[in-house]
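Please build the complex by placing chain U with the ligands on the supplied structure of chain R, with the hints as guidance.
2 protein chains.
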Amino acid sequence: MPSNNGIIFKAIPDGYPVIGEHIELVTREIDIENFPLADGDILVKNQYLSLDPYMRGRMRNPQIKSYVKSYEIGKALEGHVPKSYFIGLLGMPGFTAYIGLNKIGKPKEGETIFISAASGAVGQVVGQIAKIKGLRVIGSAGSDSKIKYLDELNFDGAFNYKTRNIDEELTKLCPNGIDIYFDNVGGETLDIVLSHLNDNARVVACGMISRYNDNNPHVFKNLMYIVTKRILIQGFIVLDHYQEVDSFQKEMREWLKQDKIKYKEDIVEGIQNAPEAFLNLLTGKNFGKVIVKIC
Amino acid sequence: MPSNNGIIFKAIPDGYPVIGEHIELVTREIDIENFPLADGDILVKNQYLSLDPYMRGRMRNPQIKSYVKSYEIGKALEGHVPKSYFIGLLGMPGFTAYIGLNKIGKPKEGETIFISAASGAVGQVVGQIAKIKGLRVIGSAGSDSKIKYLDELNFDGAFNYKTRNIDEELTKLCPNGIDIYFDNVGGETLDIVLSHLNDNARVVACGMISRYNDNNPHVFKNLMYIVTKRILIQGFIVLDHYQEVDSFQKEMREWLKQDKIKYKEDIVEGIQNAPEAFLNLLTGKNFGKVIVKIC
Ligand SMILES: NC(=O)c1ccc[n+]([C@@H]2O[C@H](COP(=O)([O-])OP(=O)(O)OC[C@H]3O[C@@H](n4cnc5c(N)ncnc54)[C@H](OP(=O)(O)O)[C@@H]3O)[C@@H](O)[C@H]2O)c1
Ligand SMILES: NC(=O)c1ccc[n+]([C@@H]2O[C@H](COP(=O)([O-])OP(=O)(O)OC[C@H]3O[C@@H](n4cnc5c(N)ncnc54)[C@H](OP(=O)(O)O)[C@@H]3O)[C@@H](O)[C@H]2O)c1
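Chains as they are written, first to last, in the UniProt record's numbering: chain R, 1 to 295; chain U, 1 to 295.
Bound conformation, chain R alone (with noise of 0.2 Å):
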């Protein structure tokens, strides 16, 4: 019989994740002559998975509610799983970039936006539209590395979060101020941003990923801000919009033939792999959108 690799909820962290604590990769076998299958089901072979950071909120005590649900322990961790582009640039955190950008950010041409994360899964996708759409583009990642692609998606400017000073490269980079903060972290880096916010600008609160394995709360001191520059802040989740999925992967596929989009991924090769993979994810190891090839 064919064996079936699953990645197993073990516990509720508190912290990060640790693989065999929390997560486990189980290997089972599946009796594929005698599944139980309803008529209308299909039994499918996957090819890739997708990591993503939201993940980390499903690994949850089941009582506290949000927008998708919790995870239960023991059972097999869920995700996205079609081919490679549709899990990344044509699919979740394209379509993510997409949304958040048009319908929180409202990007006019001439407008300057920055963006935390931004050589990431729907980091790397906002700044490429933010280019076509005429702003100037500036972008915070956590290595040198990550740097150089920015450099070479053509944003205006990036710096490295974890060397450089944030206030004091923002000053620099952005002397007219920042219109649209497209947030993927929270914390100390939004609270700088409000400083560096023009009046009437926008923050599309995507994530905050530097809270999710962090329970210090990072202490804000800009929040008056809000206030005194009459900011917009306003969350949203992704899948809410699908009803114009189709309308994004059009516009989308439009730029790739272009060549105005170019997507790094970050592939990962083997289930086996995918614990240690999801926390590279939660710790900023990861390169681009993180895909586990599976066969």
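What the hints contain is simulated information worked out from the structure, not anything from laboratory work.
One or more hints might be untrue.
It does not matter which identical chain is meant; a pair holds if it fits inside one copy or across any two.
[Unchecked claim] List of simulated lysine-lysine pairs, PhoX-like, C-alpha gap at most 25 Å:
| id | residue 1 | residue 2 |
| --- | --- | --- |
| 1 | Lys-108 | Lys-133 |
| 2 | Lys-65 | Lys-221 |
| 3 | Lys-172 | Lys-65 |
| 4 | Lys-221 | Lys-69 |
| 5 | Lys-162 | Lys-285 |
| 6 | Lys-285 | Lys-10 |
| 7 | Lys-106 | Lys-250 |
| 8 | Lys-162 | Lys-221 |
| 9 | Lys-221 | Lys-172 |
| 10 | Lys-250 | Lys-260 |
| 11 | Lys-293 | Lys-262 |
| 12 | Lys-69 | Lys-10 |
Every value quoted in this text rests on a predicted model; they were computed, and no experiment measured them.
Same frame as chain R, but now just chain U with the ligands:
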């Protein structure tokens, strides 16, 4: 020669302003006969003086830019100076309530609104407009007599946040969650409210008075709800909206005629009592719109 009293700005306060150190009453003489008036100038005699929380924001280092210019050391504090209701219900605070609620809150019949500093110059108007529009209206304020007033205004629920547990009260009074939070105070209250908001809730960021004199920022624990509950937080400054003041005053006068709106004023006699009245406003000892009756 008649004397002319003014409250002079003496030094930039760090926490609460201290009378004598940061602000002080100064009496000068004014030579009405020979007062230097340019063509078209009018010399006015003030009857009422408005004291408002934003005046604390003007007592800052002039190098910090904001929506109104900072006060100049050695000069008198400027304020708004028309007839009683024109500095309250029909003036700046009433208009603030109207604009913030309508433009950002976007109230819909049957929704639940929560208002902090609900008995104040702005808050009492927000609550009454929301009642007219068919919302469930809950408020918090800092004394039992203020809560009694909110009951008189037919609020659906109100609590004294100084003697009650905010989280427990909101659980009890907003069993279906909160759709609109009209935020006058920021800080801890805002943080707790985030956990009670419904999906797609709106936070009207009107002011953060709990922070104006306090240099120890609140440690926010619930900001991630902005993403997961698709929350909108938006700041505004009423000055930006004066093109709509006529339609506001028309609607408000109609409500007044129909006895749908009451307005509590906290009238202080004599400009010599203005510094203390301003301190009272910043510490919550006022009750309703603070107005100084000058003559
Ligand atoms: N709202 C939605 O519907 C929606 C949908 C998809 C994704 N998201 C959110 O969007 C954000 C980006 O997701 P993604 O899929 O594009 O992931 P990603 O950027 O490909 O990977 C996560 C990146 O976050 C950065 N990071 C990790 N830990 C961090 C920390 N402690 N502080 C600061 N940065 C840290 C790392 O980049 P650096 O090396 O540059 O730090 C890491 O590579 C996440 O917050 C995610 O939850 C939201
Ligand atoms: N965005 C704009 O354009 C605009 C325009 C006008 C006013 N505002 C803002 O709206 C808010 C209300 O202004 P208002 O004129 O209506 O003042 P108000 O409510 O009449 O007076 C201020 C009230 O704030 C409360 N307060 C004072 N210190 C506090 C603290 N440390 N923590 C919590 N609450 C505190 C007190 O009420 P309790 O006893 O109930 O605590 C006090 O009575 C202020 O934040 C102000 O800056 C904004």
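Homo-oligomer pair classification [Lys-10, Lys-69; C-alpha up to 25 Å]: within (16 Å within a copy, 58 Å between copies)
25 Å Cα threshold - placement of Lys-69 relative to Lys-221: The answer is between: 21 Å across copies meets 25 Å, while 33 Å in one copy does not.
Intra- versus inter-subunit Cα pairing at 25 Å for Lys-293 with Lys-262: within (20 Å within a copy, 67 Å between copies)
Homomeric proximity label, Lys-65 with Lys-221: Cα distance no greater than 25 Å: Answer is between: at 16 Å across copies they meet the 25 Å cutoff, but 29 Å inside does not.
Same-copy or cross-copy closeness of Lys-172 to Lys-65 [CA-CA at most 25 Å]: So Lys-172 and Lys-65 pass the 25 Å test across copies only (19 Å; inside, 42 Å).
Intra/inter-copy verdict for Lys-162 and Lys-285 if alpha-carbon distance must be at most 25 Å: within (13 Å within a copy, 47 Å between copies)
Intra- versus inter-copy proximity for Lys-260 and Lys-250 (alpha-carbon distance at most 25 Å): within (14 Å within a copy, 53 Å between copies)
Status of Lys-221 relative to Lys-162 across identical chains (alpha carbons, at most 25 Å): both (20 Å within a copy, 24 Å between copies)
Within, between, both or neither: Lys-106, Lys-250 at alpha-carbon 25 Å: Classified as within: same-chain Cα gap 20 Å, cross-chain 34 Å, threshold 25 Å.
Homo-oligomer pair classification [Lys-10, Lys-285; C-alpha up to 25 Å]: Within one copy only: 24 Å inside, 54 Å across.
Within, between, both or neither, where Lys-221 and Lys-172 count as close if Cα-Cα is 25 Å or less: within (21 Å within a copy, 31 Å between copies)
Homomeric proximity label, Lys-108 with Lys-133: Cα distance no greater than 25 Å: Result: close within a single copy only, 7 Å intra versus 35 Å inter.
Of the numbered hints stated above, none is contradicted by the structure.
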